[in-house]
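Below are the chains, spelled out letter by letter.
Number of protein chains: 4
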Amino acid sequence: MPGNSFGQMFKVTTFGESHGEALGVVIDGIPGNLLVSLDDLRKELKRRAPGQHKVHTGRKEEDEPEILSGVFEGKTLGTPITVIVRNTNQKSQDYDKLKDQYRPGHADKTTAQKYGVRDHRGGGRASARETLARVIAGYFASLMLPTLSIYAYVEQVGPHKLSSPPQDHSVERGEINIPDKELTKTVITFLDECKKNGESAGGIVGLSILNCPVGLGEPVFDKLKADLAKAMLSIPACVGFSVGEGFGFADKLGSEVSENAQFFGGIEGGISNGSPINLKLAFKAPSTVGEKAREGRHDPCVLPRVIPVVEAMAKIVIADHFLRQAAYASFLLSDTNR
Amino acid sequence: MPGNSFGQMFKVTTFGESHGEALGVVIDGIPGNLLVSLDDLRKELKRRAPGQHKVHTGRKEEDEPEILSGVFEGKTLGTPITVIVRNTNQKSQDYDKLKDQYRPGHADKTTAQKYGVRDHRGGGRASARETLARVIAGYFASLMLPTLSIYAYVEQVGPHKLSSPPQDHSVERGEINIPDKELTKTVITFLDECKKNGESAGGIVGLSILNCPVGLGEPVFDKLKADLAKAMLSIPACVGFSVGEGFGFADKLGSEVSENAQFFGGIEGGISNGSPINLKLAFKAPSTVGEKAREGRHDPCVLPRVIPVVEAMAKIVIADHFLRQAAYASFLLSDTNR
Amino acid sequence: MPGNSFGQMFKVTTFGESHGEALGVVIDGIPGNLLVSLDDLRKELKRRAPGQHKVHTGRKEEDEPEILSGVFEGKTLGTPITVIVRNTNQKSQDYDKLKDQYRPGHADKTTAQKYGVRDHRGGGRASARETLARVIAGYFASLMLPTLSIYAYVEQVGPHKLSSPPQDHSVERGEINIPDKELTKTVITFLDECKKNGESAGGIVGLSILNCPVGLGEPVFDKLKADLAKAMLSIPACVGFSVGEGFGFADKLGSEVSENAQFFGGIEGGISNGSPINLKLAFKAPSTVGEKAREGRHDPCVLPRVIPVVEAMAKIVIADHFLRQAAYASFLLSDTNR
Amino acid sequence: MPGNSFGQMFKVTTFGESHGEALGVVIDGIPGNLLVSLDDLRKELKRRAPGQHKVHTGRKEEDEPEILSGVFEGKTLGTPITVIVRNTNQKSQDYDKLKDQYRPGHADKTTAQKYGVRDHRGGGRASARETLARVIAGYFASLMLPTLSIYAYVEQVGPHKLSSPPQDHSVERGEINIPDKELTKTVITFLDECKKNGESAGGIVGLSILNCPVGLGEPVFDKLKADLAKAMLSIPACVGFSVGEGFGFADKLGSEVSENAQFFGGIEGGISNGSPINLKLAFKAPSTVGEKAREGRHDPCVLPRVIPVVEAMAKIVIADHFLRQAAYASFLLSDTNR
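Just so you know, the sequences run in chain order Z, L, R and D.
Take the first sequence: its letters are residues 1 to 338, numbered as in the numbering used here.
Take the second sequence: its letters are residues 1 to 338, numbered as in the numbering used here.
Take the third sequence: its letters are residues 1 to 338, numbered as in the numbering used here.
Take the fourth sequence: its letters are residues 1 to 338, numbered as in the numbering used here.
Isolated chain Z, as found in the complex (with noise of 0.2 Å):
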């Protein structure tokens, strides 16, 4: 059942339930000598919480991360870094009526059927607050790679779609993680109607990555645009990705595509070539519908909160790999022992 590790050379491991003590994150494999902020780090954990606008569930969540390990003197010092997070205001007593049933579209009788034991406290590993431990691990990934630069958004919320994607990183997001402030406006009148009506709504993130090192992705099985695939399907919620135009392809020519860069994106064979790499996934509604959803605590829709979950995930992914090519680098360079 060890299922909790992400990644070969930059290594993450996740922890904890969502109304258990803490949850947290180990990172194994991070060089040394990487300067750590603790006010960055908090600022990217910021992105995920509840509560920036109405539309958010009305848990109030003070994640603050306490760093247990791997970091001294705001270094890192190439040991396991150890960061976790204490579950303070979870309710648990909320979820004692649960314990002798499962909710519909949850993952709590496939949960119960694999462990032979059920955690009625509430949505345990499978709850979307195991994502801030991504975030955290999200957050060291971006030491390493100063220049990558790496951009989410929200496309499409229900039926409402960005008529264009924004043109590049600096697009102001907003409040809701939505670069166009009409569509913005619309979209939180949307959710909360849905909040209000009991009714949720899935929509499209959009990711961008530039500066992307050439070379990373391992063929045959790790290919780059495989792994970033598994980080995000890996995501609670998340049904869908596709690599440049994905599912767009289906009905074009080769002639179309092959004339046109912009359809390939930066991955060629799996492999990066420093272009642009443009990604979209598909999230779904949340299953809670109906007069439990208009309760407080549930958020309309999880896609203005998953987009730093996104970003750390390719973080992730791409730090790995960016360790996995480094460790020939000095193979390609030299040219001694040929």
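FYI, nobody ran anything at the bench for these hints, they're computed from the structure.
There may be inaccurate statements among the hints.
Chain copies aren't distinguished; within one or between two, either way the pair holds.
With a straight-line Cα cutoff of 27 Å, these simulated DSS-like cross-link-like pairs (lysine-lysine) come out [what the hints assert, rightly or not]:
1) Lys99 - Lys75
2) Lys43 - Lys75
3) Lys181 - Lys43
4) Lys196 - Lys181
5) Lys109 - Lys75
Starting from the known structure of chain Z, arrange chains L, R and D on it as the hints suggest.
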């Protein structure tokens, strides 16, 4: 750079360049005592071989598998199974003119940058020919799970789509793996036209999994959907993956989704629940177009031949996760030490 | 640099520097529903704690374990178990004088060279203090295998040796883990003398494993003897490992060996056969000698305190291999698909 | 049951039963552009082949390596290298009488119990013949590290020992790999006598590693000494491993040890420091004794032929750890992002 293995308990390692001596696979972690039929294996390989229809590449590959290890007197030994297929018909001289150029849209340039060396004979590991090793591994995976049923089919080629998915796994798929006779004719005509015009086409594959055991998938990173996504995106030309309604979920409201079990399919919280699992995969059109594409050796579309590869990858993922979960079976059954 | 995980199915990741905030462990892959006793865990930790006898370091460590995840209402959940121990009593100011020097025979210099950064507070990850995380993991491993019996003991310290191995696992080991009262006294006197003289001593540990399940160990690289060797050599100061007669086999003839099952012990071809497994481990004397060694904080010998660590590593190896083999149990029991 | 791979970055997978079609190895993770000499590879294989001296088994193995992948125009491609050796001379009919019996002291019974199936043709994966795949992998590992020098030798056979270790790697090792002419003669006479009497002998191997790069070994579990121990104990008949003085450390005092650098050797805190690394390995006498051992095909002692296998495993471990550490080289060199 190691990236040629897939799976943790059912561990598949493929090797071989498209124009080298041989391609092959080592399967480590298969149980002993399973009955092996070389005829059945040959049939699987034939399903992905070119030359079944004239829209397929003119290359006549005689892919004769040779079992080098792991099978004795028609049964698996539990030791690593190795199967190779000699490359008897690869005209690498055709490629000599490529010695000093990179084919656009192929992996030629990124591969050379990554490894610091150029194999101008052909696509090397990026060639679709590598996938025959996956089909071999998929055959052996299927021996472990006799009741599992995996069925893939071509759902769309260029602008031509199935009007509805096949009703069950007994629907005949025809010579280009489309489960509809009319559409088969239309697509053959379309691809013949493509070939004549030096054009190529993309499309969509549907995949249905029945009788998947309950409890497969390891939170939080090795969710079943995550490992299936990685498996599929590791196939050449695959550019999109979705589970259930996938990108179609984007504009569905929670009430529509949660009332209708078919939207979810058989994975909840990343863990199989025994219900059918439905996936869709997008493939882009081959990059070779124009004069070169009119020559005999190039398929105008990968979809018809990719079907057994998609099925093989699904079998490998499920065999691997079956063993990962089976390790805990005795703890789920007994109450002795609790 | 990731190297802080051990095991494939029962996967242990330790973290924490000797003078950082906390040490701890994440255990991923433990079955659900196992009964956890915090008292039993404390007892195990106490066995490796200093201060039980005056030959032990004067440091008084109050190693109170805190379970952060994976346990609910006294039972394992099947999710990752995380346990931390705060470093409350590490006087890192003592080490400030080490800021600009490397202690000979310690890992100080190689660590700094490897990671490019110096943690002058203490031994960091190379400190024996890290082993408490292993003892915690060993406790949880033992929950899985209630009939397994693991028994380690001090066989030799400096020139003083046991005349014969203990007859079974019920023999009392005394305050410094020697299963002989007379030898215990002799060694305590010897170590008191060592301490007074700023001297240190090495020795040999014996390890007996009873009721190991049959069939554990994976040829050809993950043989049971190979993984046990790795586990033991990963312990600080361990410099030798042998199975059965070990180096004593060197001058034994085949006829002597093959007539006498006890020489082999319970591993054949790298696979357990259910018979007792006997190992010996050599440990070198601590490098700190002279004036500094006379100070309170240094043990003159690691042997007495390493016993629970050796046992914990054996438990972890066997729990891991138990799960690896258990994955195939259903194929060994049934004949359905053969 | 997967256990046939070793290494994380330089990843070696071996396959093949002693009496199957072929043995072989896949090496995944080797850099591109390394010059390959088939002649050098043949020379390495010949070093472990029987028949060099009459004390060796009468079997004449013509072990001709065939490279199936990963090498093109005499250079590595960076893709997986696969080399096979056909089993041309295995008389499995000799073994038919073993169909219903298990040879004592062999892996026959544990193997059958583990996998639920019996391969009565011979030792299968437990046979020493498997080690030729390791020698092949060791050859390729050595291409990566041209300045590394690895030198193993027979130090003891039965009661006959070297009086002092060889002074350096230039000392001639003779026909049975003993770096002393007198002892060579004595041991040959001793082994001839053993053979005549249906007797067998064990012994000790010394291994010296020079020019190991600094910084190899990953705390806390993948210490260099730990991975070397695992590598060596994975060799058939290996029953003991020690680093530096090993079991000789047991009765050394700290002052003796710390004043004398040679005791430690080149590993501190599990990390290489550039100094020579000295190891000792114990091997037990073959289990086949009596009438059967007088027949031509059984070696009375594994020591002479195991030397290139021991060297190969050391090369593989160091190549793997070299790549693992090299991944971080750019962070050690630059100060840009700190």
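Check each numbered hint against the structure and report the violated ones by number, ascending. Result: no hint breaks.
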